[in-house]
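Protein chains in written order, with my numbering: chain A, 68 to 383; chain B, 68 to 383; chain C, 68 to 383; chain D, 68 to 383.
Please keep in mind that the hints were generated in silico from the structure rather than gathered at the bench. Hints may contain errors.
It does not matter which identical chain is used: a pair holds within one copy or between any two.
[Said to hold, decoys possible] Okay, derived cross-link-like pairs now, DSS-like style, lysine-lysine, Cα gap no bigger than 25 Å in a straight line:
#, residue 1, residue 2
1, LYS339, LYS224
2, LYS241, LYS170
3, LYS201, LYS331
4, LYS331, LYS224
The structure presented is a predicted model; accordingly, all values stated were derived computationally and were not measured.
There are 4 protein chains.
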Amino acid sequence: MTVHSRPAPAVVLGQNQYGKAECHVVRITRNGATHHIKDLDVSIALSGDLEEVHLSGSNANCLPTDTMKNTVYAFAKQHGIESAEQFGMLLARHFVTGQGPIKRARVRIAEHAWERNDGGGRAGAAVGHSFVRKGQETRLAQVTFDGERSQVVSGLKDLVVLNSTNSEFWGYIKDEYTTLEETWDRVLATEVSARWRFSWTGEPRPEPAWDRSYQQVRADMLRAFAETYSLSLQQTLYEMGARVIAGSDEVAEIDEVRFSLPNKHHFLVDLKPFGLENDTADSAVYHASDRPYGLIEATVLREGAEAGIPLDLTNL
Amino acid sequence: MTVHSRPAPAVVLGQNQYGKAECHVVRITRNGATHHIKDLDVSIALSGDLEEVHLSGSNANCLPTDTMKNTVYAFAKQHGIESAEQFGMLLARHFVTGQGPIKRARVRIAEHAWERNDGGGRAGAAVGHSFVRKGQETRLAQVTFDGERSQVVSGLKDLVVLNSTNSEFWGYIKDEYTTLEETWDRVLATEVSARWRFSWTGEPRPEPAWDRSYQQVRADMLRAFAETYSLSLQQTLYEMGARVIAGSDEVAEIDEVRFSLPNKHHFLVDLKPFGLENDTADSAVYHASDRPYGLIEATVLREGAEAGIPLDLTNL
Amino acid sequence: MTVHSRPAPAVVLGQNQYGKAECHVVRITRNGATHHIKDLDVSIALSGDLEEVHLSGSNANCLPTDTMKNTVYAFAKQHGIESAEQFGMLLARHFVTGQGPIKRARVRIAEHAWERNDGGGRAGAAVGHSFVRKGQETRLAQVTFDGERSQVVSGLKDLVVLNSTNSEFWGYIKDEYTTLEETWDRVLATEVSARWRFSWTGEPRPEPAWDRSYQQVRADMLRAFAETYSLSLQQTLYEMGARVIAGSDEVAEIDEVRFSLPNKHHFLVDLKPFGLENDTADSAVYHASDRPYGLIEATVLREGAEAGIPLDLTNL
Amino acid sequence: MTVHSRPAPAVVLGQNQYGKAECHVVRITRNGATHHIKDLDVSIALSGDLEEVHLSGSNANCLPTDTMKNTVYAFAKQHGIESAEQFGMLLARHFVTGQGPIKRARVRIAEHAWERNDGGGRAGAAVGHSFVRKGQETRLAQVTFDGERSQVVSGLKDLVVLNSTNSEFWGYIKDEYTTLEETWDRVLATEVSARWRFSWTGEPRPEPAWDRSYQQVRADMLRAFAETYSLSLQQTLYEMGARVIAGSDEVAEIDEVRFSLPNKHHFLVDLKPFGLENDTADSAVYHASDRPYGLIEATVLREGAEAGIPLDLTNL
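Next up, chain A with everything else stripped away, as it sits in the complex:
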């Protein structure tokens, strides 16, 4: 090896950020006997004049991640949590404007939704202080602030959807390794992971109504998924994205949406060895397979908009 005879190369620090991840804050507000709950998992990443903490270990410009955690809890008390986006914005601005060396903050939030415990829908009024975790999708929000502009990317993950018909797959390339048979009636199922970016970047434009916008986007995606007669999961994805962009209004205008959609394969089981037809028209039986799986990822943009959402929603 010639390693040690070469002069040591000059090495430089590139992009860097640090922060506290997964601060799980729950805030409960009482309105008489009716309580309200906000349940957020907050992860903070700060960057700025942080060369020295890497090079010499001087922490003079370093706000401890423990302090960030404290700030999350204190801010939840002082300012409340109107929405994940608004709370993320408060935090991002605080760190950038409060500490000279910090030039940019990114706050990522995962929100768990709760619904009222209505006793399984049986008779008897729901109790105002009892909740059941909804347990469906996880709502996501990412706010970045660089001292001037805010960027808000909202999203969701873990939303599993399935169409039991109106999905075909045929007409694809057949090469020497192709054995897949074409199908004109398959199950189409996926676990939606999506992020969407708002054109809003701060005042003087009015701030979007984040919660209403979230419900709108979620509904648009679900409706597009249900209503699209699908020739490929890519086509369904595109329809979902187009609907999100079109469905956004002037205030909560969305410029871009990115999806990562695993194809949750449901394979029609071959029951011929047992003398059984397994026809989709007549109570078909499927094997729901975990791995491997198709993975379809794409961005859909408003014309003229520039892409800004990270490509890697998953690391596979």
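Got chain A; can you put chains B, C and D on it based on the hints?
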């Protein structure tokens, strides 16, 4: 070491069972344009005259686990899936009555619930073939059959519930390692894992309506959780169990229920260092902590019934 | 429904236990510049005169789980951690002898092993204070104490092993749902989960050397797995169990061992459609499948011993 | 809402890719009685002229993900697996050169290492066909090919390391939310996730020896971690990165390395309430905390090199 100079001890085979685990079967029935979906994860364990497969490796009495998997899919087609319990029963009986050496079958099923994709509740009729996974609790069923009697244990897991008040904790033992402060108003949250056993063991008694019973038990547990003014999670558990037993009717009679309830601690954050009171009456802020956690486990029985549910719902 | 017209059934409390789960304690001892590390995840479950905490919510007999957690950390400091078994025994005895209402304690411990960071095996002496987590199996220990006798069950999980030959599977039952082809050369792979119980139950017998015994058992299992020419995974399991019992010595005598062995299927891929033979003798290619999987569970006992290890090492 | 009265916005497709994820391929080579094993989890993502599959659902340019899976297994047989990087390169080139519409391929591979089952180190020769999964870090490789140039990013994850001393943390910013106390002797532990990019982009330069390079990088990181007297985890990260760049040689030259290092906090437990000093010099006891955690991420570059590794090694 004297190991090798001792005569080798006589060794015998004890309890043993084998089977295929996690056969994920999905069955979709079409009622015109309205489809229905059943989504089960089936795990089978058989026992019987299986000494030789252990001692000499003779597989003469061994039905391959691959065959069990095939049977799950074929039965779903041939017999349909009325409920997890009924499907488990069909399978358990098949293996015991169909193969002489197999004396006992245990079938465990986890069921994932789906709801109709209603497009996020927006205008427009729901499409009859589009679904969203409910994603809340997982329904469980365990059926065992020994050639004569069936035993059915139903259950659920992953149901996260929270009361934001009406929970106290005080009056406990204080020893030299006790630092916990008493509280008269805390958050009480848990992730319910429960199993309940029916007194029904087969004909001639009429078979319980498993789905209706499941909804009844779930509702009873949720209502008991909401309505109990709690002095300890143990007390809440007991109320939930007593309600389940009392709520069961003559047909779907439940003799026993066992719970494993992690205490999902929500610690009131000390905000005094920042000059803030964090009072439960005024929008309190909590740190939701993962680990360590209290774990409360108990069985509640109808008087005179003998316990039959395994103690270990978790392996911690 | 006749539920409400029936008299409410009498309900009783059955087996119950409570405690703190997953107290992650790390203890570092310095021997000059050479440090030593013990890394345990401790879960405690106590039972005794705890009816009232369930029935009325009186906590008079209830030692808080928070106190148990404190005790874990304080005991690690005061008494050190010689081995998981010994530390579990200290804790179990403390709770039972220290608190009248507590009649039985069960302590379960998962231990993570660390090895010295030797810089990837390159030149240069290892630093005495730098460690890499071994990351192979997790060592387990369960100690129960009822005021008189101790019972020690040691174990491990997550140990993945594979034989690339010397495994056959044929001669099994073929019923109408059997499609599996017999094989005389397959991959045999599993993830070992095992628990073994010592005959030792306390003084005056000398206490086993827990760490040495653990290494012995682990070695016996690995050797039996490697050396057994296998006609079924059950046979391999039995050989592993018999070796463990035979390999134990008079002091660390093991009466019983239970295994839960998932059959980690490696399916020979059918490459004929691509004009390729996929023969085991010539660089065979396998698809490692996750689900479904065979699951083989059995207890192996010293003749005359009574089984005492819980059957459910997994809940599937 | 004014949504529907606005003209629908023009929508365009942005970055998109699709492929098969998590193809788990195992290849076993026999060298007489001595076998060798390669165990890879392969995920493929292709992009190119794929507009129509999104817009109209035409699959004319779409190679099925099922075909990609078949290709992985067939190539493992036909070409063998020399290393993850070399195998990824074969696949990436095949898809781009074999299918006109495919312009770019990215192959990500996770490799599981196995070591020989030596029977727990006891006497007796190891059997040549028995293996134990090493279970420490997971090796990673990412190859992208655009028809002209290859880019290779290697990496690892899940490598947990700990220094029990030689770590301080003080001199940081104190704002109104800071309560953390400074420390001159703390545990420093992290789970290393790293990716490094080679300057090599294809012929005519000689291809790096990927396996040797991997061992070199791993060793450099471990040594830098052990030898750095740390004033911040950032400083340790930088030393690890600088060592990797300096340690690379002319052939396997590394231009860039990115780390994502969670600070696995080990909090010194306050045992004063129990009359105990918990001093690092004398067998200190720590609580190993999961969440929240500090997360330190940075890129280290050879001077003059341009960054090319995605910033998001995790999605938090």
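Going through the numbered hints above, which ones does this structure break? Give me the numbers in ascending order.
1
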